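First to last, the sequence lines map onto chains A and B. FYI, the numbering for the first sequence is 1 to 703, going by this note's numbering. FYI, the numbering for the second sequence is 704 to 817, going by this note's numbering.
In case anyone wonders, no lab produced these hints; they're calculated from the structure.
Derived list of chain B stretches under chain A, where covered just means 3 residues or more per stretch with a C-beta under 8 Å from a C-beta of chain A:
| id | region |
| --- | --- |
| 1 | 719-730 |
| 2 | 757-766 |
| 3 | 794-801 |
With a Cα cut of at most 20 Å, we get these calculated EDC-like pairs of lysine to aspartate or glutamate:
| id | chain 1 | residue 1 | chain 2 | residue 2 |
| --- | --- | --- | --- | --- |
| 4 | A | Lys17 | A | Asp6 |
| 5 | A | Lys109 | A | Asp285 |
| 6 | A | Lys191 | B | Glu791 |
| 7 | A | Lys191 | B | Asp788 |
Model, not experiment: these values are computed from the prediction. Every residue, glycine too, gets a C-beta built ideally from N, C-alpha and C.
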Amino acid sequence: MSARIDLYPTGEICGWKVRPGRVFPFGASLVPGGVHFSIFSAAATSCTLVLFDKATRREMAALPLPESFRIGDVWSVVVFGLDPETFEYGYRLDGPDEASAGHRFDREKTLLDPYARAVSGRDVWGNPPDWSDPYPYRGFLVPEDFDWAGDQPPAIASEDLVIYEMHVRGFTRHPSSGVRHPGTYAGLVEKIPYLRGLGVNCVELLPVFEFDEFELSRQNPVTGAMNMNYWGYSTVGFFAPKAGYAATGSAGMQVDEFKAMVRALHAAGIEVLLDVVFNHTCEGDHRGPSISFRGLDNKTYYMLGPDGSYLNFSGCGNSLNCNNPVVRQMVLDCLRFWVSEFHIDGFRFDAAAILGRDPWGGPMLNPPLLESVAADPVLKKCKLIAEAWDAGGLYLLGSFPNYGRFSEWNGKFRDDVRDFLRGEPGRAGVLATRLAGSPDLYESSGRGPRASVNFVTCHDGFTLRDLVSYNGKHNDANDEGNRDGIDDNRSWNCGEEGDSDDGEIRQLRLRQSKNALLALMVSRGIPMILMGDEVGRTQGGNNNAYCHDAGFNWLDWSLVERESDLLRFTRMAIALRQAHPVLRLPGHPRGDAAGALGFPEVSWHGRQPFEPDWNSRLVAAVIAAETPAGPDAVFFAWNSGSQAENLALPDLPGGFAWTVEANTGCPSPDDIYSAAGGPILPPGGPFLLGPRSSVLLSATKNS
Amino acid sequence: MNLNITHNSRAAVASVTGDITHAVSPEFQSTLLEALKGSGGLVLDCSGIGMFTSAGLRVLLLLHREAAGSGGCLILAEVPSAVRDVMEVTGFWEQFLTRPTVGEAIAALSGALP
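Pulled out of the complex, with its shape left as it was, chain B reads as follows (with noise of 0.2 Å):
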């Protein structure tokens, strides 16, 4: 798994590529709710992401409500359709924020933040 992390002037932008299971949580935890405090604001570029399970949709619910408890954003950019798959299916899809591409998740992050 592999996480880069770019920020420009409104938000963090993360991009995760490879799967995100109970193997790399803690560290991929981690590391966003860092960029997430940073900034308030953050995008997740979703693209690149294989396999996901249980322990990686807990990683963004947790994200998600860090966000909504401290007046900042999560948008999901560019799920992978199997990934939407799982979140739809487990009834978790409609919680999370998300956009199809990261240009309209940046955007739409402008206008959520004060």
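The following block holds chain A by itself, in its conformation from the complex (with noise of 0.2 Å):
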């Protein structure tokens, strides 16, 4: 067959055929007859694109760019007859190295492609570094021949999500998870059925963008073990996988396993979200190495200070740029790939108060990254979800400029439930907010409880089983002498710091947990789950534990015979969520509003019906509307205090009668029921809800 041709080389750079790029897109793609690289800096002086052979690792060719390559500050070109299994890439760039005047440029190092599409130097989780080597991550090339059968997006509207937040690496990598490659995409993947069995339809994982476990890694005198960046939130490489989660990663297949992974999911109905970190990088402060941003255009990538000094609004040393407009478009094409070439459903952004801000860290009423992030069209149908805070003090919680697209990690529902949950006095107001989907944080603006992602515990912090068994944090094996980690837990460890042989003790955690678990699945907004929760999972009282690699922070999976109890409530629960659309309705329950069989849409009673006492430890509502399946209609208490209290059940018209669902007062089964499935209760009957316990009722039909 004869091809045509346009794309011929005019030139030679070091023996290598050549031609000027087309200047998009950025990042290295494959052309016939050989590969498009482009490059963007506004403050260099030179370029120079290095080529090294994949088999030897050894330099192959340093092709320094002419100005004649070069459109406004962007360099591109076409090198001819490069196989694109064959080698690996970085790029040399000179200019002034003034670091007053915000520049770092060095000749001599070779840097990371920000565009590269997959990483090697990192490909095997833990296997150590040649530290000598003085360019450790290169990029390379990845063949876009993924055949995705069909794949569509499951589409599933926000409020029917719950959503499963986990490690890539920690969901299997505990040699009780039986799988073939413990720690992996392709481990996740054979884990599918139990996540389908939990019922969660959705898995946000912790950040799988290219990042170094060994970053800032060194021995832990007091675990003799390494410390680690396990959790990840440090990008080395931003549109490429972690290689170290991939079984593949060695044989450099990393994308394809994603791939196939994302396929997998989608097929079971569950959506993939990832958890993103675009508020900075890997390089740190000033004292850091220089990878990829700062020897490439230090003073548009970072945000400086007048001197040129690094703002770190995140903690980590450094703050990305990102409201800049070469940046901004960075962080766009980096979310449309991961939606166009992985299917990803959504992204939640770590500490996204970041991108709010200007180059100079100040706050913006209407910061054109967010803008333009909602008003994508390859994004538009993506969930959004972002961590309304930064580490720079800035708290956006219900104000996070949202264009009616950005839903937030809702840390007041977080830290409302816990206190409830612990038996502080006077909260059974707030808890009824947080019920309603925070109407406080999401009404006035009318994003409604879709905007809210309900959770007791994520990754920062105790884990659930940590929550009801510590009181304060246990963070000595982080070696920083317990000074790590955040101090306001809101926790209580019912009677005994840590593991308890006390059966009572042990009981009444059980129940706490299914509390919180029941508290979650009826509240308004989206609910997230922590990888593990359901079926006990502890840190050993560590609420920091984002530096090790080893067995706690993995999920045991021996848990769930040990943990049956709480893991069949909480896949019942979820089952109960999804039975029930009066606990997915889009907007906030009003109590002005005709809900179904007389009751309003929200309705408050106490030990009476209608009489709530804002000011005790007792929460009961009976939530109702019409459906498209006739009235549906729950009622939910609980009670976190230490004595039992006798209800009076609201009255139902004639033909219905109250059946229990939940009861985390009664041990297991009776904790429990398919929905409609418990014991009817008699009409106008007292309901003795005991002490720390919650119960959920729905209306059913006398048959």
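Two chains, two frames, some hints: make the complex.
Okay, here's the thing in structure tokens:
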């Protein structure tokens, strides 16, 4: 077959046939006969493309790009005869090394392309790096020949999501996982039946962009092991999946394995959200290494003070200058890339308040980056979730610049549910607000409960089991003298700090866990569960476990048997949420709008119907709505006091009765039922709600 | 890496031994393409494959597409479990025709070709 060739060499550099590139796209891409390279720098005076032989890792060519290959601030070139499978690449840029003016060029240093779609150097998790390698992270090209086999996003409505926040490696790394490739994307695929059985329909993966688990690693005298960057909130390459999470990373196939994982999750009806870290990079402050951005165009990529010093709103040394138009475009390109190339369903933006800061760190009312993301046509159907604060003290919960698109990790939900759970007095009112989807935060703006990602625990802080087992953090293993990690845990150990042999304490902890999970599932908004909370995973009280690649950070699959009671409860609580449309409505329930069965959308109660006591430890609500399947009304009550409460139940119209669906005060299997599957209560009769217990009843038709 | 090709009336059988990585793939690719074009049906005896990388997989994909595009057929036989594993976790396994043994592959080829 004859092919028309419009791309032919026009010259030669160092023996390689070349021609000027087409500028776009940035990065390296395959073109007929060769490879197209394109890179931006505003302040560089020269640019050299460096090619390495993949097999020997030796430099095979350094191509200084002539000025005629530069359009504006972009150098681009097509190199012909380059086999995409046999080379890796980087750049060396010259320019001023004048830190006070914001420039930190070093022409000796080979730098990673920010748009590199795959990065080698940390291919197998934990393999000791070659510290003498002057260019440890190398970009390479990845074929775009994956067959998605018709894959489409599950497109689940936000209010119907149940998110499972998880760590790819931690999910199956434990020897008990029994998967063929522990700690990998492939391992996750093997456990999809577990996720389906649990009933979650969305996974939110802790960072999967290429990072270096050895960043700032050191021997830890307390544990005798290495402190590592286990979580990965420190990006090396924004366009490259973490190779060390791939069973095939050493074969350079992390991209394919990642795509196969997404395809398999989608086939199981599970969406994939990525936790993305655009607030800073892995280069740290002035003491950190030059890996990419610092040497490419420090002044463009980072927020700098007048003296050229790094502004640090991330707590990690630097802040990405994400409202600079060039950087903003890179972030947008990155998100589009993950959505189009990897079929990602949405993003959770780490420390997203930084994304609303201007180049000098000031908060903006109308941040162009967030506006662009919100309005982007490629991202149009993505879930966008902000962690609406940063380490620089900007706290935007409820007021994050959202353009009608961004949800928020609702930190107030976490705090208020924890307070109520531990029995703080006078919290019934705030708990009610959280149950209603936090109208105090999201009603006046018209955003509604879909803006509220509800959670009691997340990777940051205690696990659920630890929340009911520890009064304070126990971070000694981090080797920072227990100074790291937050002190505001709002936890209660149920009578003994840490592990307990006391049967009553253990029962109470189990019940408290169920209370938290039930409240999460009953609340309007989008519930999020932390990996392992459904089986009582503990970190031994460590509330900042970012640095341990160790057993307590991994999901111990023997818990599935040992904590089958809690697992069953969690699974059935999720199923109850899915069975009741009234729990998932996209609006805040109102007390002055008709719901169903004679009740308003929400009514509040106490020991007596319609007599709530907002200063008590008792919250009770009837939530009701007409749905396509008929009237849906539930009664939820939570007593966080130490005494049982006798509740007079609100009357139902004739022909209906209250049916128990969950009662954490009862031992399994009477703690939870399938929808309308529990005992039917006699009308008008008092209901005894045990101490520190919660109950969910549904209005069912008498048969 | 060693490649040994034998032809019978209906098909070529190529036995490959050694590592299929970026270091050998261009040679591997051109020889196999030639064998495929010569016979239309190609059985690749994979039992001797050691290390297998992205480059190796891409060669197989190319062959597979070339074969499909020209009315031919490529069947992989005796794929070592480690290679199969790589192809499975990257989502490519189901794209290929495979048989446990070379004999079965040849038989299948006879059925598959016109």
